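Residue numbers (the UniProt record's numbering), protein chains in the order written: chain A, 1 to 295; chain B, 1 to 295; chain C, 1 to 295; chain D, 1 to 295.
Careful: at least some of the hints might be erroneous.
Any copy will do: because identical chains look the same in the list, a pair fits if it lies in one copy or spans two.
What the hints assert, rightly or not - In silico lysine to any residue, SDA-like type, Cα no more than 20 Å apart, as pairs:
{"id": "1", "residue 1": "256", "residue 2": "5"}
{"id": "2", "residue 1": "256", "residue 2": "40"}
{"id": "3", "residue 1": "256", "residue 2": "108"}
{"id": "4", "residue 1": "256", "residue 2": "127"}
{"id": "5", "residue 1": "256", "residue 2": "41"}
{"id": "6", "residue 1": "256", "residue 2": "39"}
To be clear, the hints were calculated from the coordinates, so they are not data collected in a lab.
Computed from a predicted model, the values in this text were never measured in an experiment.
Protein chains: 4
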Amino acid sequence: MDLAHRVIAVVGGDEREREIARLAAATGAAVRAYGFPWPDGGIEGVTLAATAAEALEGADYALFPIPGIAADGTLFAPAAPEPILPDAALLTGMGPGATIILGWPDERLRAAAEERGIALVEYEHDTELMLLRGPAIVEGALQLAIAETDVTIHDSDVAVVGHGNIGRLLARTLVLLGARVHLFARNPVQRADARSAGCSPHPLEELRERAPGLSMVFSTVPSRIVDRDVLAALPANSLVMDLAAPPGGIDLDAAKELGHRAVWARGLGRRAPVTVGASQWSGISRRIAEVEDEG
Amino acid sequence: MDLAHRVIAVVGGDEREREIARLAAATGAAVRAYGFPWPDGGIEGVTLAATAAEALEGADYALFPIPGIAADGTLFAPAAPEPILPDAALLTGMGPGATIILGWPDERLRAAAEERGIALVEYEHDTELMLLRGPAIVEGALQLAIAETDVTIHDSDVAVVGHGNIGRLLARTLVLLGARVHLFARNPVQRADARSAGCSPHPLEELRERAPGLSMVFSTVPSRIVDRDVLAALPANSLVMDLAAPPGGIDLDAAKELGHRAVWARGLGRRAPVTVGASQWSGISRRIAEVEDEG
Amino acid sequence: MDLAHRVIAVVGGDEREREIARLAAATGAAVRAYGFPWPDGGIEGVTLAATAAEALEGADYALFPIPGIAADGTLFAPAAPEPILPDAALLTGMGPGATIILGWPDERLRAAAEERGIALVEYEHDTELMLLRGPAIVEGALQLAIAETDVTIHDSDVAVVGHGNIGRLLARTLVLLGARVHLFARNPVQRADARSAGCSPHPLEELRERAPGLSMVFSTVPSRIVDRDVLAALPANSLVMDLAAPPGGIDLDAAKELGHRAVWARGLGRRAPVTVGASQWSGISRRIAEVEDEG
Amino acid sequence: MDLAHRVIAVVGGDEREREIARLAAATGAAVRAYGFPWPDGGIEGVTLAATAAEALEGADYALFPIPGIAADGTLFAPAAPEPILPDAALLTGMGPGATIILGWPDERLRAAAEERGIALVEYEHDTELMLLRGPAIVEGALQLAIAETDVTIHDSDVAVVGHGNIGRLLARTLVLLGARVHLFARNPVQRADARSAGCSPHPLEELRERAPGLSMVFSTVPSRIVDRDVLAALPANSLVMDLAAPPGGIDLDAAKELGHRAVWARGLGRRAPVTVGASQWSGISRRIAEVEDEG
């Protein structure tokens with residue numbers, strides 16, 4: 001993709017945005033950065049702007065980070081010198097016909113974009129990007145599981161609750177590492193899929209009775225399946241890890257009280273920022289290509 | 001599941017139905033069989049009926065085979081002494097409220113069942129059953145691929161076209177056997193999924209240009225992606241295997257003409273009949289349980 | 001390796017020798033062939049000789065096939081128009097200082113070579129070449145196992161007896177295909193190795209008591225561990241496959257008598273001749289390089 | 001194994017010894033512990049001794065830890081209140097005919113044991129125990145690699161140097177996690193083995209030229225293969241991990257100087273103490289059984 005006459009602003013985010021900005025510059029576009037951790041040696045082809053407004057001035061595309069918008073309307077940008085509020089004022093510099101690619105907007109940003117004639121392309125709930133981040137998330141879960149246990153994954157009996165994008169990839173990886181993986185899911189299609197990947201599939205309601213034979217429980221579902229009853233039935237000192245979006249699926253306080261190692265694995269998507277940044281760029285660049293083709 | 005007061009008829013089919021009948025009898029039901037290959041030693045708890053009508057007389061459930069109904073309206077029953085036509089006359093012996101569980105009915109069977117007050121439960125397009133049959137189908141494809149080639153799967157460059165239930169499982173298995181698997185799919189979500197499973201994903205339109213580097217092509221899509229152009233670009237003596245439903249996705253005549261080993265892999269679902277029969281029974285018995293719960 | 005001034009004779013063998021001859025010619029050597037199945041289109045850079053003597057005339061290297069020498073002293077050469085007896089007369093055309101690379105010689109060949117001042121390089125018992133052939137042998141065993149059974153490898157309980165080069169690779173591959181693999185070996189080091197690869201290891205003497213839970217037994221040891229007692233304890237219609245060198249480790253006649261599917265898997269090393277020929281060439285060419293370096 | 005009339009002393013060590021003591025007690029033996037971290041709730045069937053001498057008094061078997069003897073002659077026992085020196089005085093309480101099972105003795109301990117008529121059984125260099133610890137060591141290496149890198153193991157190009165017990169298991173595991181694994185070894189038999197496990201094998205001397213394409217290097221050999229030349233050729237910010245026994249195979253200071261993430265992975269064998277303790281007990285108990293059988 002040759003974007004030689006385009007201007008791309010990368011605003012907010014974390015180490016992943018470094019890789020995204022670097023790859024954006026490799027298309028030939030002029031790239032301006034603001035609000036993510038800037039590396040000592042700079043990034044080839046990328047200009048650091050002094051403010052978010054300066055970065056956005058005249059941009060054809062603005063890339064905002066995946067974690068989306070906080071309750072106060074600001075972007076995810078822990079390394080920014082000050083909060084970044086993407087209101088109509090900030091977007092002034094982007095002309096009509098420009099595009100913002102982002103996780104998801106709140107109502108204020110949606111209104112501001114409409115006012116300025118700016119298109120929004122969302123990918124928070126994009127299955128492709130979730131799958132591309134999958135290996136980074138699963139490896140992060142492995143790291144935590146290895147760090148927090150007195151047993152090996154190999155030759156252990158472990159449970160994975162849920163067989164969505166992350167549950168499926170995690171379960172398969174644990175099988176390959178030599179665990180006996182018990183996959184708990186409500187949906188019989190998911191259970192059949194898990195069986196073909198080498199798991200022992202079970203309906204959710206069997207989790208309680210199988211708990212005494214497990215040494216690790218990974219939950220990937222947002223509902224509270226791993227409740228106090230299940231936790232009380234696990235052997236002492238089990239690992240319980242919650243990989244679901246808030247409010248999660250495990251009562252972690254109860255887990256700690258009962259003597260388990262309770263791990264809240266939010267934010268694993270920020271792991272392996274070079275790999276994940278590159279993956280996200282592959283999705284972002286396909287969306288840019290679609291906009292260019294339409295234009 | 002205790003079906004002690006139920007009568008189940010297993011009519012038509014192949015070696016899989018032996019296992020289905022055997023497992024049906026293990027529930028305590030009275031099981032009558034007709035029209036599938038009867039083993040020399042019989043099947044414990046199963047009675048062989050002299051005609052299809054005798055098997056169906058008074059049955060609460062009739063199990064018809066997955067391959068469904070031929071163009072002339074008869075059931076798949078290659079081992080039956082005569083064709084089995086499930087018309088209203090044949091169904092006379094089943095009372096109102098009975099249930100037929102089958103792949104899929106044609107219009108005549110649908111009308112006949114309605115006339116008699118018999119419910120139909122279809123599973124031909126059932127993803128769960130397809131996934132449960134998946135390992136048998138994939139192992140059958142491996143057997144053919146090993147038999148038909150002069151190279152090992154290990155350390156070969158192979159293509160899988162399509163990433164549906166069978167394509168996905170086949171691709172992952174080939175990865176585990178040590179092949180470099182190139183996965184071709186139109187859908188970027190499927191490509192991202194394939195990548196997480198260790199494949200190199202590509203859009204369909206790249207198949208032609210990558211063909212010279214491949215030694216095996218497995219197609220699981222019903223449309224003609226692997227056309228004469230692609231076939232002509234493969235190295236001489238490649239394996240091309242079509243795993244899709246008719247009309248398939250590979251021009252097998254052209255493949256042979258061009259000196260390839262062209263394999264039509266229909267009917268792999270009939271492999272491993274004990275495993276597959278047991279898998280299908282697990283799906284059938286869940287449907288029976290649902291009917292019983294509602295009744 | 002540049003062998004532009006060398007003459008290589010490839011004498012006897014099967015389809016593997018085609019690939020060996022082809023790759024030998026790619027070094028720049030003059031290559032003459034006799035006694036293996038000659039392809040319709042010929043082989044680039046390789047001359048078909050009319051007799052074995054013509055092929056060997058003036059050769060610096062003669063490559064004889066791996067299966068070695070029959071009881072009557074002739075080479076393995078099922079496609080040759082007449083038996084090839086490598087006696088002193090036949091070797092006359094090779095000068096002193098020439099080298100024969102082969103599986104293993106008998107006494108007559110050894111004496112003939114010594115008489116002519118020809119060096120012998122043997123590789124029948126070469127672990128490297130066995131490992132390079134390993135994937136072809138294991139895939140051949142998979143093909144037979146899939147063809148001969150009514151169950152899938154996936155989700156079956158299978159036994160591998162012996163954990164040498166082939167047993168180890170076979171066991172690991174069966175694990176990856178989703179079998180529960182019980183590995184029987186006398187040596188605790190081998191059992192510990194098998195455990196790390198995802199097998200359940202057991203001492204040999206437990207085979208008898210575990211037999212009723214198995215559906216396939218693969219024996220890779222030459223001694224008779226899988227005896228009539230073990231065979232009688234297997235479920236009816238089990239698969240028993242012997243992968244060991246003669247006299248093998250399974251009483252196959254007893255196995256058939258007892259209603260099992262008994263498979264004698266000798267000769268799997270002849271599978272995938274292009275891959276295996278290339279593997280063998282990589283080993284042969286390293287030996288040639290050593291001879292050249294010394295010369 | 002019934003050891004009802006035996007006394008076993010477990011002296012020194014770390015969390016692994018808890019599991020060893022617990023399993024020793026399950027044989028019916030009287031078990032006395034000293035010098036490893038004692039858990040709050042105690043260990044069922046195990047008595048905590050006040051001194052090492054008290055633990056050893058009348059013991060039939062003494063189990064000393066794997067890490068062996070320090071330069072000053074004391075046992076590995078970081079949690080002991082005072083150093084444990086296994087001299088003739090300390091061993092006084094063990095009668096002639098008793099047995100010490102340990103990693104390896106120094107000269108003083110060997111002399112002291114001989115003086116007292118005590119047998120020594122060593123397992124430091126025991127391949128079986130190394131293989132049983134293998135999965136714990138490999139998982140520890142994965143944890144460090146995931147923690148220290150900005151890329152995923154999945155879809156990365158990584159090198160493993162050496163294909164001994166740990167190198168082989170590590171390489172295979174990295175393959176299963178989706179890395180492209182380049183295996184560097186001097187021995188062609190090891191390279192052929194690595195190839196069959198899905199690695200790309202290379203001779204050691206190619207490490208330098210392939211370094212620019214790698215993002216992680218794991219060395220398992222004690223000699224300095226990964227020297228400054230190789231390190232300088234790696235991309236900036238690579239991971240280099242040394243898994244070999246001292247003095248190791250990587251110049252870690254140079255690695256840091258050159259901007260790499262240099263990790264010294266000694267002591268990974270202490271990970272997963274419950275699993276590893278149980279593994280070691282399986283080896284120790286087999287040795288006890290041999291002593292009992294001889295006795």
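Same-copy or cross-copy closeness of residue 256 to residue 41 [CA-CA at most 20 Å]: between (43 Å within a copy, 17 Å between copies)
Intra/inter-copy verdict for residue 256 and residue 39 if alpha-carbon distance must be at most 20 Å: between (39 Å within a copy, 18 Å between copies)
Copy assignment of residue 256 with residue 5, given that the CA separation must stay at most 20 Å: neither (56 Å within a copy, 41 Å between copies)
Status of residue 40 relative to residue 256 across identical chains (alpha carbons, at most 20 Å): Only across copies: residue 256 and residue 40 sit 17 Å apart there, 41 Å inside one copy, limit 20 Å.
Homomeric proximity label, residue 256 with residue 127: Cα distance no greater than 20 Å: neither (33 Å within a copy, 39 Å between copies)
Homo-oligomer pair classification [residue 108, residue 256; C-alpha up to 20 Å]: neither (39 Å within a copy, 48 Å between copies)
In this structure, the hints that do not hold are numbers 1, 3 and 4, in rising order.
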